[in-house]
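**Student:** Spelled out, the chains give:
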Amino acid sequence: MTKRPSLFSLVLALPLLVWQLAFFLFPLIFLVAISFWTVKMFQMQPDLNFGNWQRILTRGIFWDAYLHTMILAASASALTSAIAFPASYAISFKLSETAKRWLIFVLIIPFFTSYLVRVYSWQVFLTDAGIINTALGYIGLGPFAMLNNNFGTLVGMITLCLPLVILLQTFSLNFVNRDLIEAAHNLRCGRLRTVFAVIVPSARVGLVIAALFAFILSFGDFVSPLYLGGGNPPTLSIMITDITKSGQQWPRAAVVAIMMIATLMTVALGAITYAYKERGK
Amino acid sequence: MTSSPIVKFDNVVKKFGDFTAVEKADFEIGRGEFLAIMGSSGCGKTTTLRMLAGLEDPTSGNIYLDGERVNGRATWDRDTPMVWQSLALFPFLTVQENVEFSLKMRGVAKAERAERARKWLDKMQITEFANRNIAQLSGGQRQRVALARALVTEPKILLLDEPLSALDAHLKVRMQAVLSNLQKDLGITFVYVTHSMSEAFSMADRVVIMSRGRIEQIGTPVEIYREPRNRFVAEFLGSANIFEATVEEEIAEGWKVIHEEGRAIIPASELPDAKTGDKITFIVSAENMQLSAPDSEQDGIEATVAGDEFVGGTAMIFLETASGKELKVQKSHEELSTLKRKAGSKLIVSWSAEHCHVLPDE
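Chains as they are written, first to last, in the UniProt record's numbering: chain A, 1 to 281; chain B, 1 to 362.
Any given hint could be a false lead.
Restricting the straight-line Cα-Cα distance to at most 25 Å, the calculated cross-link-like pairs of lysine to any residue (SDA-like) are [claimed, not checked]:
(1) K94/A x A53/B
(2) K328/B x G344/B
(3) K277/A x E128/B
(4) K15/B x D179/A
(5) K104/B x K123/B
(6) K328/B x T304/B
(7) K104/B x A197/A
(8) K156/B x D179/A
(9) K342/B x Q290/B
(10) K110/B x P201/A
(11) K123/B x L186/B
One-sided and incomplete, this derived list gives chain B residues near chain A with beta-carbon spacing under 10 Å [to be verified]:
(12) D77
(13) P81
(14) L89
(15) P91
(16) F92
(17) L93
(18) I134
(19) A150
(20) F201
(21) S350
(22) W351
None of these hints come from the bench; they were simulated from the model.
These figures come from a predicted structure and were not determined experimentally.
Every residue gets a Cβ at the ideal spot worked out from N, C-alpha and C, and that includes glycine.
Could you build all of it, start to finish, from the sequences and the hints given here?
**Tutor:** The structure is reproduced here in structure tokens:
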């Protein structure tokens, strides 16, 4: 027997529903709609013009940017997860409860500052005459090009994602059943091997979701690719601003945006399916 | 097979900060023995087991496993597989992968791993679930997986930490039989930690009773039941009436003593070197107590019925004497049928001298 939602719960849900309709669904429908509009004399006109789609999807430059963005986001996600894991492991397994609480607090502090400010401050470190290259110069190394390339972009993306990924990983590691770890040790599995054989699979859902967040944030990021990566080759988000600036081509920008949303949806769905996949029949 | 013990605890102490979890554990476990360590929570029984498994290190004293001192040796370098209270099965592995786990860690080749795992799945009658996910098994099936996983390396000793406490009563009894038979078949040592007297007494060859970190008594279930060493054990068993008494004089049948509620006779064999004025504690088991009507000629203690408890084919009657001492009497329903016993009615409680047992450590 299915229970009908009461009037009370419907009333409670109403603000959320209105919010979702007004600020997510309608804009999304609008985005899809304008991807078929036509621009004439820098003016958009409602239309059913498939030319925008054809023009974007048949251009090599779009697919180059798409691949470039995918590789950057996937690398940022993998690197952030790898850098975060030892820290999350230490917070979750090696520290006292008090130290744990303080570190979680410390991890929230980066969110107090604007991401843009944090990215700008990286420029001071990464330029050819910056802090890192000057320091390396003293021991006869460098200078290394760390700005206006993929390295710079990835530094920025990791800056963006690292605190969040450590928090998500720490929370998922906190839920790993301690008995499983002892049982593994008891069954002849040494410390390091237990990390990969028991702890990572036990925390899989949380670790995958953390990596997914890093991917999503990096995939749509505009700041790091522009200010640390130099914007060339463009990522998809840079491409959107370029298209809108050149000849008011909002419809074509909408096509790129829809492709980005579709990609994120697919990746998120795939990641969550993988995270919750069960072993055995 | 040698007769040397497989496990020896030599004055083992375990402290966590200021808290002493285990105080001077000093005992041996024989080869092929089923030993139960019993006590209420916090008594140090699990810590004792964990020290044997290598999951805790003793603060002082030595632990010998198969003649070798194992202090400081990590659990993965000992052959002391354990079955956890939570079973600790790996939910991300199938049944067979769980059973193969320790073989894989030892670098046993895949084909041999599968074969040895299959053998234990067969033995535990869970072969049909080999490729299942752990989440789809029932409590009893999981129990069998945990046992197969621990036994697949054919160890000389198996450690069990309250493995049955999550099961319902019916399944518990069945699993007790499974464990008991398994231990006899394999002929290996089982060390079984439990808070349940029925589990310990029904399966174990010997029982260790612990309280607040100390070992109170070690013995066979019958020894412990008939001859508890001290007040703690007698109270823990739950079915004994405990009396404090002073030795008065020797008579033909034994020693005459004065206790809180009157006089009693203790057989001479129970008090080998007593003298007048000695303080003793003796017990009489609830099933050895007699109840008679108040108008009968029976000599005994007058007490008021406070209530009763149904225990299968018998009833446990709780009575209170004039001075407020509680007495327990366990009788079959037939024996009780002739007796008027409502709450508040007065009855005579008595026992014969041969059922008195003096606690040696009190």
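**Student:** If a hint holds in the structure, say so; if it doesn't, say that too.
**Tutor:** Status of the hints after comparison with the structure:
Among the hinted pairs, K94/A with A53/B is consistent with the structure: their alpha-carbon atoms are about 22 Å apart, no more than 25 Å. For the hint pairing K328/B with G344/B, the CA-to-CA distance comes to about 15 Å; that is within 25 Å, so the pair holds. The suggested pairing of K277/A with E128/B holds, with an alpha-carbon distance near 22 Å, which does not exceed 25 Å. Of the pairs offered as hints, the one joining K15/B and D179/A holds, with about 21 Å between alpha carbons and a cut-off of 25 Å not exceeded.
As the CA atoms of K104/B and K123/B are separated by approximately 20 Å, the hinted pair is consistent with the 25 Å bound. Simply put, K328/B and T304/B have alpha-carbon atoms about 11 Å apart, close enough for the 25 Å limit, and the pair holds. Restraint check for K104/B and A197/A: the C-alpha separation of about 11 Å stays at or below 25 Å, so the hint holds. With a C-alpha separation of about 23 Å, the suggested pairing of K156/B with D179/A holds against the 25 Å cut-off.
For the hint linking K342/B to Q290/B, the alpha-carbon distance of about 17 Å falls within 25 Å, and the restraint holds. Distance restraint check for K110/B and P201/A: the Cα-Cα separation of roughly 21 Å lies within the 25 Å cut-off, and the hinted pair is therefore satisfied. A distance of roughly 11 Å separates the Cα atoms of K123/B and L186/B; the hinted pair therefore holds under the 25 Å criterion. Restraint check, D77/B versus chain A: the minimum CB separation of about 8 Å is within 10 Å; hint holds.
The criterion of a C-beta within 10 Å of any C-beta in chain A is met by P81/B, whose closest approach is roughly 6 Å, and the hint holds. The beta carbon of L89/B is positioned within 10 Å of a beta carbon in chain A (closest approach about 8 Å), and the interface hint is therefore held. Taking 10 Å as the C-beta contact cut-off toward chain A, the hint placing P91/B at the interface holds, the least distance being around 8 Å. About 4 Å separates the beta-carbon of F92/B from the nearest beta-carbon of chain A, less than 10 Å, and the hint is met.
Here the hint on L93/B is kept, as its CB sits about 6 Å from the closest CB of chain A, short of 10 Å. Proximity of I134/B to chain A holds as hinted, the smallest CB-CB distance being about 8 Å (cut-off 10 Å). With a least beta-carbon distance of about 8 Å to chain A, the hint placing A150/B at the interface is held under the 10 Å criterion. For F201/B, the shortest C-beta to C-beta distance to chain A is roughly 27 Å, which exceeds 10 Å, and the interface hint is violated.
Look at S350/B: its Cβ only gets to about 52 Å from chain A, farther than 10 Å, so that hint breaks. With a cut of 10 Å, the hint placing W351/B at the interface with chain A is violated, because the nearest CB-to-CB distance is about 48 Å.
When the structure is compared with the earlier hints, violations turn up for hints 20, 21, 22 and for no others.
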